[in-house]
Structure formats: C-alpha cells, structure tokens
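Asker: Sequence:
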Amino acid sequence: MSEKKVLVEVQDLRTYFPIQGGLVRKTVGHVHAVEDVSFRIREQETFGLVGESGCGKSTTGRTLLRLIEPTAGKVFFDGEDLCALSKEEMRKKRRDMQLVFQDPYASLNPRMTVRRLLEEPLTTHFSLSPGELSDRVGWIAGAVGLAPEQLERYPHQFSGGQRQRISIARALVTKPRFVVADEPVSALDVSIQAQILNLLMGLQKELKLSYLFISHDLNVVRHISSRVGVMYLGRLVEIGDTEEVYLRPVHPYTQALLSAIPKRDPSEEKKRIHLTGDVPSPANPPKGCAFHDRCPQCMAVCREEVPPEVEVGPGHKVRCHRAGA
Numbered sequence: 001m002s003e004k005k006v007l008v009e010v011q012d013l014r015t016y017f018p019i020q021g022g023l024v025r026k027t028v029g030h031v032h033a034v035e036d037v038s039f040r041i042r043e044q045e046t047f048g049l050v051g052e053s054g055c056g057k058s059t060t061g062r063t064l065l066r067l068i069e070p071t072a073g074k075v076f077f078d079g080e081d082l083c084a085l086s087k088e089e090m091r092k093k094r095r096d097m098q099l100v101f102q103d104p105y106a107s108l109n110p111r112m113t114v115r116r117l118l119e120e121p122l123t124t125h126f127s128l129s130p131g132e133l134s135d136r137v138g139w140i141a142g143a144v145g146l147a148p149e150q151l152e153r154y155p156h157q158f159s160g161g162q163r164q165r166i167s168i169a170r171a172l173v174t175k176p177r178f179v180v181a182d183e184p185v186s187a188l189d190v191s192i193q194a195q196i197l198n199l200l201m202g203l204q205k206e207l208k209l210s211y212l213f214i215s216h217d218l219n220v221v222r223h224i225s226s227r228v229g230v231m232y233l234g235r236l237v238e239i240g241d242t243e244e245v246y247l248r249p250v251h252p253y254t255q256a257l258l259s260a261i262p263k264r265d266p267s268e269e270k271k272r273i274h275l276t277g278d279v280p281s282p283a284n285p286p287k288g289c290a291f292h293d294r295c296p297q298c299m300a301v302c303r304e305e306v307p308p309e310v311e312v313g314p315g316h317k318v319r320c321h322r323a324g325a
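Numbering-wise (the numbering used here), the sequence shown opens with residue 1 and increments by one.
With a straight-line cut-off of 27 Å between C-alpha atoms, the simulated DSS-like cross-links for lysine-lysine are: (1) K175 / K205; (2) K74 / K287; (3) K317 / K271; (4) K317 / K5; (5) K26 / K287; (6) K74 / K317; (7) K317 / K4.
In short, the hints are calculated from the structure, not lab data.
Model the full assembly from the supplied sequences, consistent with the hints where possible.
Answerer: As structure tokens, then:
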C-alpha cells in the first residue's frame, strides 16, 4: 500500500517577535518563538506536537495558518506556498484550513446564537441559498452531537464540553481539509476529554481530515496521534512515529517528559528523570544545544554547537550530539 500524499509541509520555519524598549520604542532584541522547525503532515494523518508551556507549540500552529506571519521559512499546503499568497488569496484558502481554540468560551461571540455562529463562516466563504445554509448548519450540528433546539441558544447556556463541540462545529462547517487543534481538551474534565477526542477521531474518518494536534498532555497525544514532534525552546528536538518515540525515546528531553507520565500500575517500578534549572528565555537562547543547561547527559560540544538532525530509525529523527556520536 502506497503512502498517502503530503498535505502540509513546513520547511525551516522561524517566528520571531520584536522586543521594543526606550522612549522611541526601538527594537532591542527578538523573542525566538519558533526556530528552524520542519515537518510534514500527510492526508488524514494526525501529527501531535508536545512540549512544556511556552515552547512555541501554539505559535507554530498559528504561523502555519498565517494568523502570525513567519519571519522565515516556508509552509506548503497541497503543494502551494502559503507564504507567497496575498491576504485575499490567504483568506480564501482558510476555508480549507481551520483552527480549534483551547478556550471555546473566549473564541465564541457571546452575543450570537449557535446558529449564527455556524452560519458566519459559511456566509464569509460561500454563496449559499437560505435552504443550503440551513442544511449545512443542521448537518454539522448533528455531526458534533448538538440537538436542533440547541441552535437557538447562546454560548453561556452550555457546559464547557458542549461549547467545545460548538467550536469544533464552527471549524468544520466549511468542510476544511486541515485543522489545527490547539489544546482542545486541556480545559475539560477527564471524562469529557475522552468524548471530545473520540469525536475528533470520528470526524477525521468521516470528513477525511488532517490534524495538527497541539497538547502538553502526553497520554492524550499518544491516544490520538500517529506521529509526534517534541518541542523545546522553539525547536523540534525529536520527531517520529508515536509508538516509536514513546517506547524508544532518544533525546534526553523526551526521555524526561515520558518518565513523568504516571504508571497505570502503582507497584510498577518507575524511574523518574528530574531536570534541574529553569527553561532559558527565548529572548536570549543559549549557545549550542538549547537544552544543554538542563541536560543530565551534556557534553562539551553541546555548549558550543547546535546539534544537527540525525535519523536514528525509519522516520525517527533527533537533534542531539549523542545520537550522532
């Protein structure tokens, strides 16, 4: 069976934010939010992006959609360079690329009913008759588990899980091909998380969607993702098939993250890797490997040179000097 077509390709993506100071607001530095990030997402694939808070996961997702303009690098969607598109061309392209936010209450207009919230993307991107508009809204509402009478209610009249269903419906009502899911279940109770994850996986099969799934919850990412990338201080330090990375992590940061996952069996022996020190500032990233100040396996070369990407297995790549030694 042949591999599925690459839908999204990110090449050497960088996103810097200026730091301004002084009376004339002069740029005195930059926050290196995303640094040399490259990966691919195939059709109907879920690519998970994990890492500590502030590592650049959400910025990466928003830069892919050009909600944040990249400083350098390229993003290809179905072979087309998104960075070369005008604002109007990009606006039209967004019907195929949508975003599910972490906090549905903040992303939904409290003055609009659910029906109007779902109609708005359709009237923005398509010219539909009133009947077609009603049919599309009814279809997506049913697909995410909303009853017809709920369409006339407002966001504050729903629970957190129901609001996230509305947010997912709003993202999918245009029938996109690619969705960035930015921490979509982190604000929900565990039992509700499972429902939303199963909903996303079911809709992926039904609508043939590709996902970039962003989360700090390693168990959630393992459940939903076929491939995973681990981020640290704006860089991808390890990338590969999810089970390969979880069972045979190579980068010391990945090993430390996975060692923190609670074991199902309390009697099972667990060796926790404790990292010392604080995460460096992205406004002043360290020389060499960004992780060297906290790495228990640090060598002299780690303090001086940025590690190259090394393939340690089929599709399993790591940025670590020890991996290439």
